[in-house]
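Asks: Residue numbers (numbering that gives the first Met the number 0), protein chains in the order written: chain A, 0 to 176; chain B, 0 to 343.
The set of hints was computed from the structure by calculation and includes no laboratory data. Note that the structure is a prediction, hence the values are computed from the model and not measured. Honestly, I wouldn't trust all of these hints.
To be verified - List of simulated lysine to any residue pairs, SDA-like, C-alpha gap at most 20 Å: (1) B:Lys79 to B:Ile127; (2) A:Lys18 to B:Ile127; (3) A:Lys18 to B:Met296; (4) A:Lys15 to B:Ile127; (5) A:Lys147 to A:Asp75; (6) A:Lys15 to B:Leu67; (7) A:Lys18 to B:Tyr309; (8) A:Lys34 to B:Ile127; (9) A:Lys18 to A:Ala33; (10) A:Lys34 to A:Glu44.
Chain by chain, the residues run as shown.
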Amino acid sequence: MGIVPGLIKGLGVTLKEAKRTVFPDGMMKPPSPAKGAATVQYPHEKEELAPRSRGVIALKEENCTSCMLCARECPDWCIYIEAHKYLAPPRKAGGKPRQRNELDRFDIDFSLCMYCGICVEVCPFDALFWSPEYEYSEPRIADLLHDKDRLADWMTTVPDFESYEAGSEQKVRKVPR
Amino acid sequence: MTLAIQLSYWQQTVFRSLGIAAAVLLPAGTIVYVYLFKMMSFMQSRLGPMEAGPFGSMQLLAEVGKWLQKEDLIPAKADKRVFMLAPVVVMLSTFLIYTVVPFGPDAWFTNLDTGIFLALALSSVSVIGTLMAGWASANKYSLLGGLRAAGQLIAYELPLVLAVVGVVIQAGTLNLIGIVTAQGDGEIFGFGALGNPYIITQFIGFLIFLIATQAELTQAPFDMPIAESELISGYMTEYSGFRFLLFFIGEFATAGAFAALASVLFLGGWTIPPFIIDPQSNVMNVLGPLVMLAKMMLVLFLIFWFRFTYPRFREDQLQQLAWKYLIPLSLVNIAATAILKVAF
Chain A
0 MGIVPGLIKG
10 LGVTLKEAKR
20 TVFPDGMMKP
30 PSPAKGAATV
40 QYPHEKEELA
50 PRSRGVIALK
60 EENCTSCMLC
70 ARECPDWCIY
80 IEAHKYLAPP
90 RKAGGKPRQR
100 NELDRFDIDF
110 SLCMYCGICV
120 EVCPFDALFW
130 SPEYEYSEPR
140 IADLLHDKDR
150 LADWMTTVPD
160 FESYEAGSEQ
170 KVRKVPR
Chain B
0 MTLAIQLSYW
10 QQTVFRSLGI
20 AAAVLLPAGT
30 IVYVYLFKMM
40 SFMQSRLGPM
50 EAGPFGSMQL
60 LAEVGKWLQK
70 EDLIPAKADK
80 RVFMLAPVVV
90 MLSTFLIYTV
100 VPFGPDAWFT
110 NLDTGIFLAL
120 ALSSVSVIGT
130 LMAGWASANK
140 YSLLGGLRAA
150 GQLIAYELPL
160 VLAVVGVVIQ
170 AGTLNLIGIV
180 TAQGDGEIFG
190 FGALGNPYII
200 TQFIGFLIFL
210 IATQAELTQA
220 PFDMPIAESE
230 LISGYMTEYS
240 GFRFLLFFIG
250 EFATAGAFAA
260 LASVLFLGGW
270 TIPPFIIDPQ
280 SNVMNVLGPL
290 VMLAKMMLVL
300 FLIFWFRFTY
310 PRFREDQLQQ
320 LAWKYLIPLS
330 LVNIAATAIL
340 KVAF
């Protein structure tokens, strides 16, 4: 009957976990499950998010060249981009006017988005960033389509990049503000 | 001192019905809140319900309210009458078990000479309800769950009954009141201050009874009939609203009933050690139910502790445990008890 000690050990595990949850400061102190529990009571208190949490995608509109890479890489095709070309004044006096793209529409449909982050990875001009904000549920599903103004608003919530591990040669990239 | 009130039959019946309803529903509600909601959460390092009432204590009322509002769905191809009757059969068997459980020297519902026999027979009636639910749902998951439940309940009925036989031999009576009295007035080698709760002499019987109870209640690790990963919810799959509520209350009220039986058979029922209060004194009519509740809660703690700790058995392992280990062991226990009973 080699299984009996294992069964008793299993009972010990659950009991110890319950004791740790109810009495986080030891049996002598008054019980405080709210402190011992690994979970938080969400609407009343908020969870401490992990670094680089993926909540919502923010858009830095000035950096976007409407190259369409993000829209094409998106597995769900939930990014909609429309743009038009215009002639910007030359950089130096007497030069040729430069051809630029201007965004008319940049929408991300968060009812389709699966938060894979490929668009953020693939953007060559630092226009898309992860923000940890997650409280943007809507009663109507169509309202989950965030237009470029709404996406630009999320830019203020983007945290600075984490520093790399000690001894790294690379400099930490800066989030364009 | 006796009560000098004479009640007519219908008045007694009303009192008994109210008493049974209280005896079934109060422990069931307490079990769900204390063990299912809170203890389980603490064992998983979370808080459980916290919003309804102080510390979520009104959560069960909220759930009952939700279930009562739900539509009473019956599948199109279901055998309607059987489908509607099944939860009632399960509930009834639970309610009837409580009729033979004594809660004090005079606080009992019925004084039957074959009390424990009736209780165990009634507990098997719930198998019929389960089978009815599984068959009438017209759903393959329900049918599989119902058949598994039937196979399991019948397999574990045997060790359950055989474990009780040891107690019956020792007490010399099938009457539950007699069994409690035998423990309260019992002596351990001439030392009578503690009484003689049969958990000491029938410890193996107690263990077998606990394991078999766990299986009878289809609590994990014996929850093959409602194994959610393969059978959705077994025989309860098609039930919703009020009828699901009946099954739900039935599950936890039956847990309470079996805990009551276990405390009567093995823990001395409503008695406390005689050197504190004499078991036959009138005080025990008030104190007895509370003592009973405390002992039931102790047994239920064990049942739910096992439930939250162990993973589910496979079907063949489950049958093996009953037929190859528990039944032979309980037969040995009966033989040993009988020999010792004759010898001393």
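Asks: Now tell me, hint by hint, if it's right for this structure.
Replies: Hints versus structure:
1. B:Lys79 to B:Ile127: The hint holds at about 16 Å.
2. A:Lys18 to B:Ile127: Status violated; Cα separation ~40 Å.
3. A:Lys18 to B:Met296: Holds, at about 18 Å.
4. A:Lys15 to B:Ile127: Given pair Lys15 of chain A, Ile127 of chain B is violated - Cα atoms ~39 Å apart, limit 20 Å.
5. A:Lys147 to A:Asp75: Judged against 20 Å, a Cα distance of about 18 Å means the pair holds.
6. A:Lys15 to B:Leu67: Violated, because 38 Å separates the two Cα atoms, which is more than 20 Å.
7. A:Lys18 to B:Tyr309: holds (18 Å)
8. A:Lys34 to B:Ile127: Roughly 46 Å separates the two Cα atoms, so the pair is violated.
9. A:Lys18 to A:Ala33: Given pair Lys18 of chain A, Ala33 of chain A holds - Cα atoms ~13 Å apart, limit 20 Å.
10. A:Lys34 to A:Glu44: holds (12 Å)
This entry does not satisfy hints 2, 4, 6, 8, going by the numbered hints stated previously.
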